[in-house]
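Between the sequences and the hints, there should be enough to build the whole structure, so can you do that?
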Amino acid sequence: MVARAQAASDSDICVLADAEIILLPEIVNALAHFSKVDRHWFLVAMSRNITEFHYKLADNGSQWLQTDGKKVSFKKLQEIPADKWAPESSDRGLIVAWNSPSSPLHAGVLPSFLYGRGEHNWWLIHEVLSSEMRLVFDASTLVLGLYPESFSSMHDMSSSKNDGLPAGSWEYSVNRHLAATYGSYCYRLLRRHSTVLHKVVKQSEDYMFSKAEELTLSDFVIVKEQRAHGGGSLWRNESICLSGHLHSSDLPYSLSRLLELAADKNRSIVLGVAGVSYRDMLMSWACRLRHLRVTNFIVCALDHETYEFSVLQGLPVFRDPLSPKNVSFDDCHFGTKCFQQVTKVKSRIVLEILKLGYNVLLSDVDVYWFDNPVPFLYSLLGPATFGAQSDEYSDTGPINLPRRLNSGFYFARSDNATITVMQMIVKHASNSGLSEQPSFYDVMCGKNGTNRISDDRCLEPNTNLTVVFLNRDLFPNGAYKDLWEKHDVQSTCMELGCFILHNNWINGRKKKLQRQMSSGLWDYDPSSRLCLQNFSDRGSFRLMGQFHLFEDTDK
Numbered sequence: 001m002v003a004r005a006q007a008a009s010d011s012d013i014c015v016l017a018d019a020e021i022i023l024l025p026e027i028v029n030a031l032a033h034f035s036k037v038d039r040h041w042f043l044v045a046m047s048r049n050i051t052e053f054h055y056k057l058a059d060n061g062s063q064w065l066q067t068d069g070k071k072v073s074f075k076k077l078q079e080i081p082a083d084k085w086a087p088e089s090s091d092r093g094l095i096v097a098w099n100s101p102s103s104p105l106h107a108g109v110l111p112s113f114l115y116g117r118g119e120h121n122w123w124l125i126h127e128v129l130s131s132e133m134r135l136v137f138d139a140s141t142l143v144l145g146l147y148p149e150s151f152s153s154m155h156d157m158s159s160s161k162n163d164g165l166p167a168g169s170w171e172y173s174v175n176r177h178l179a180a181t182y183g184s185y186c187y188r189l190l191r192r193h194s195t196v197l198h199k200v201v202k203q204s205e206d207y208m209f210s211k212a213e214e215l216t217l218s219d220f221v222i223v224k225e226q227r228a229h230g231g232g233s234l235w236r237n238e239s240i241c242l243s244g245h246l247h248s249s250d251l252p253y254s255l256s257r258l259l260e261l262a263a264d265k266n267r268s269i270v271l272g273v274a275g276v277s278y279r280d281m282l283m284s285w286a287c288r289l290r291h292l293r294v295t296n297f298i299v300c301a302l303d304h305e306t307y308e309f310s311v312l313q314g315l316p317v318f319r320d321p322l323s324p325k326n327v328s329f330d331d332c333h334f335g336t337k338c339f340q341q342v343t344k345v346k347s348r349i350v351l352e353i354l355k356l357g358y359n360v361l362l363s364d365v366d367v368y369w370f371d372n373p374v375p376f377l378y379s380l381l382g383p384a385t386f387g388a389q390s391d392e393y394s395d396t397g398p399i400n401l402p403r404r405l406n407s408g409f410y411f412a413r414s415d416n417a418t419i420t421v422m423q424m425i426v427k428h429a430s431n432s433g434l435s436e437q438p439s440f441y442d443v444m445c446g447k448n449g450t451n452r453i454s455d456d457r458c459l460e461p462n463t464n465l466t467v468v469f470l471n472r473d474l475f476p477n478g479a480y481k482d483l484w485e486k487h488d489v490q491s492t493c494m495e496l497g498c499f500i501l502h503n504n505w506i507n508g509r510k511k512k513l514q515r516q517m518s519s520g521l522w523d524y525d526p527s528s529r530l531c532l533q534n535f536s537d538r539g540s541f542r543l544m545g546q547f548h549l550f551e552d553t554d555k
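So for the sequence shown, full-length UniProt numbering puts the first residue at 1; every next one is plus one.
Hints were generated in silico from the structure; no laboratory data involved. A portion of the hints provided could be inaccurate.
[What the hints assert, rightly or not] As a list, the in silico SDA-like pairs of lysine to any residue whose alpha-carbon atoms are at most 20 Å apart:
1. K481 <-> S379
2. K71 <-> A58
3. K355 <-> W369
4. K512 <-> D482
5. K510 <-> V276
6. K481 <-> S518
7. K199 <-> V28
8. K355 <-> V276
9. K71 <-> G61
10. K199 <-> E132
11. K486 <-> Y393
Encoded structure:
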């Protein structure tokens with residue numbers, strides 16, 4: 001959001017505020033006054049948080065109304081009595097504004113914060129102040145906006161005390177970790193001049209700037225308490241490291257802890273597995289899931305490099321200590337020794353998660369998601385039923401022929417039958433010189449398909465586990481109907497009703513990346529470490545031809 005605002009160089013002033021803040025006319029007057037300041041400046045103000053707000057917006061969106069339909073003036077909104085103000089405020093109540101958008105705000109590196117997950121606004125203000133590149137004004141004595149606490153109920157989350165976030169959530173901990181890693185919070189920087197804050201006070205129709213006391217960089221902290229009388233200030237003289245407001249989060253998280261935090265109401269989880277060679281593809285996959293508002297996913301990192309990268313990208317990740325140590329960067333595609341080792345990790349991790357009582361949708365990171373299939377699969381596949389993608393490429397005939405079960409996309413329920421069969425698969429794969437994929441078919445459908453009961457189902461005889469090969473129009477593999485070769489892959493798949501499209505039936509990491517990027521089904525820009533927001537962004541990125549970005553493992 002900040003990067004897009006900075007790119008709006010045709011604007012004179014940028015304002016960043018939560019969409020639920022009611023901006024008052026005072027902010028227009030204040031910014032008009034600040035526009036005359038012949039310096040780079042940065043303004044921050046805390047909205048007045050209020051506990052009760054009984055007004056509603058008119059249908060035309062231009063007027064506030066009482067419950068009886070009578071119009072309410074902005075002046076009346078500004079005169080809400082002090083006993084209706086909230087005793088505390090949060091990240092959501094902040095308004096920040098700055099001029100000269102094309103000029104940098106701070107000297108640091110902006111982390112990959114998760115919006116709405118706490119800490120990012122505080123970090124930005126702190127870094128602007130510590131970088132000393134702009135005049136920083138605290139306008140908290142002005143009433144620029146109102147934040148009704150009742151609006152917080154519109155967020156689908158249980159609130160912690162200060163941040164409107166689930167206590168102990170993965171995302172909040174990661175944001176704190178990113179702030180500490182990329183910021184100057186806990187470091188005393190040697191500078192020629194100490195930081196100076198300017199408080200803004202309004203007298204009549206004029207705005208007065210007063211120099212606040214000088215503070216060293218290690219002596220100030222942003223306070224989340226709103227004083228009920230007098231507006232208050234954002235600052236107090238206290239060390240941020242010693243106060244415990246921001247500290248290194250408790251990383252790494254265990255697998256069991258991640259599952260508790262990420263699983264949906266049905267105790268279902270989406271699992272992605274990746275090593276350093278597929279790091280950018282992992283991020284494109286994660287960006288797509290975030291775009292679809294899929295929050296119940298976790299990532300298994302096959303190596304320490306991928307684990308560190310994922311933590312700094314804000315992904316809910318855990319490290320598998322038993323992963324192979326010799327994962328090739330370029331030669332880990334289908335049929336290679338590396339591929340065989342990596343695939344056997346996946347079934348072992350899935351079995352562990354099933355034993356912990358969670359349903360698992362295993363999705364390779366080269367699977368592109370058009371829509372969230374978890375609710376559909378959960379309703380389609382009942383107890384003792386296992387659903388997997390078919391790797392059959394022929395348009396006609398059975399889709400459960402020998403060795404046509406794809407172990408890169410399947411849904412497994414946490415029940416006795418499924419757990420028993422997964423144990424059989426893990427054992428079978430450990431004694432095989434092949435990848436785990438043939439073990440799935442041979443165990444569940446029988447060698448040469450002896451357990452097939454129809455053209456799309458098998459029945460494992462020892463557990464009565466039913467295996468369903470998923471409809472290929474909805475869950476197509478990479479060879480089905482030559483979808484990847486279509487001029488408009490997106491439109492073609494949407495017409496079929498695809499939930500996903502697997503980028504398989506192609507060998508080599510580079511070829512796989514090129515095919516997915518050239519089709520426009522790519523959601524991550526590795527040069528900026530940002531998710532691409534929509535299909536026009538992806539189209540522009542595709543036309544840039546930046547395939548070389550993936551050649552340098554340090555990027």
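Exercise. Is it true that the CA of K481 sits at most 20 Å from the CA of S379?
Worked result: violated (27 Å)
Exercise. Given the proposed pairing of K512 with D482, does the C-alpha separation stay at or below 20 Å?
Worked result: holds (15 Å)
Exercise. Is the Cα-Cα distance between K355 and V276 20 Å or less?
Worked result: violated (28 Å)
Exercise. K199 and V28: Cα distance at most 20 Å?
Worked result: holds (18 Å)
Exercise. Would the pair K71 and G61 pass a check requiring their Cα atoms to be no farther apart than 20 Å?
Worked result: Holds, at roughly 12 Å.
For this session: Below or equal to 20 Å on CA atoms is what counts here, so check K486 against Y393.
Result: holds (16 Å)
Exercise. Has the given pair, K71 with A58, been kept, meaning a C-alpha gap of at most 20 Å?
Worked result: holds (9 Å)
Problem set entry | Pair hint outcome, K199 versus E132 [Cα-Cα no greater than 20 Å] | Since the Cα atoms of K199 and E132 sit roughly 16 Å apart, the hinted pair holds (cutoff 20 Å).
Exercise. Are the Cα atoms of K481 and S518 separated by 20 Å or less?
Worked result: holds (18 Å)
Problem set entry | Hint consistency between K510 and V276 [alpha-carbon to alpha-carbon, up to 20 Å] | holds (14 Å)
Exercise. Within 20 Å, alpha carbon to alpha carbon, are K355 and W369?
Worked result: violated (27 Å)
Of the hints listed earlier, those the structure fails to meet are numbers 1, 3 and 8, in rising order.
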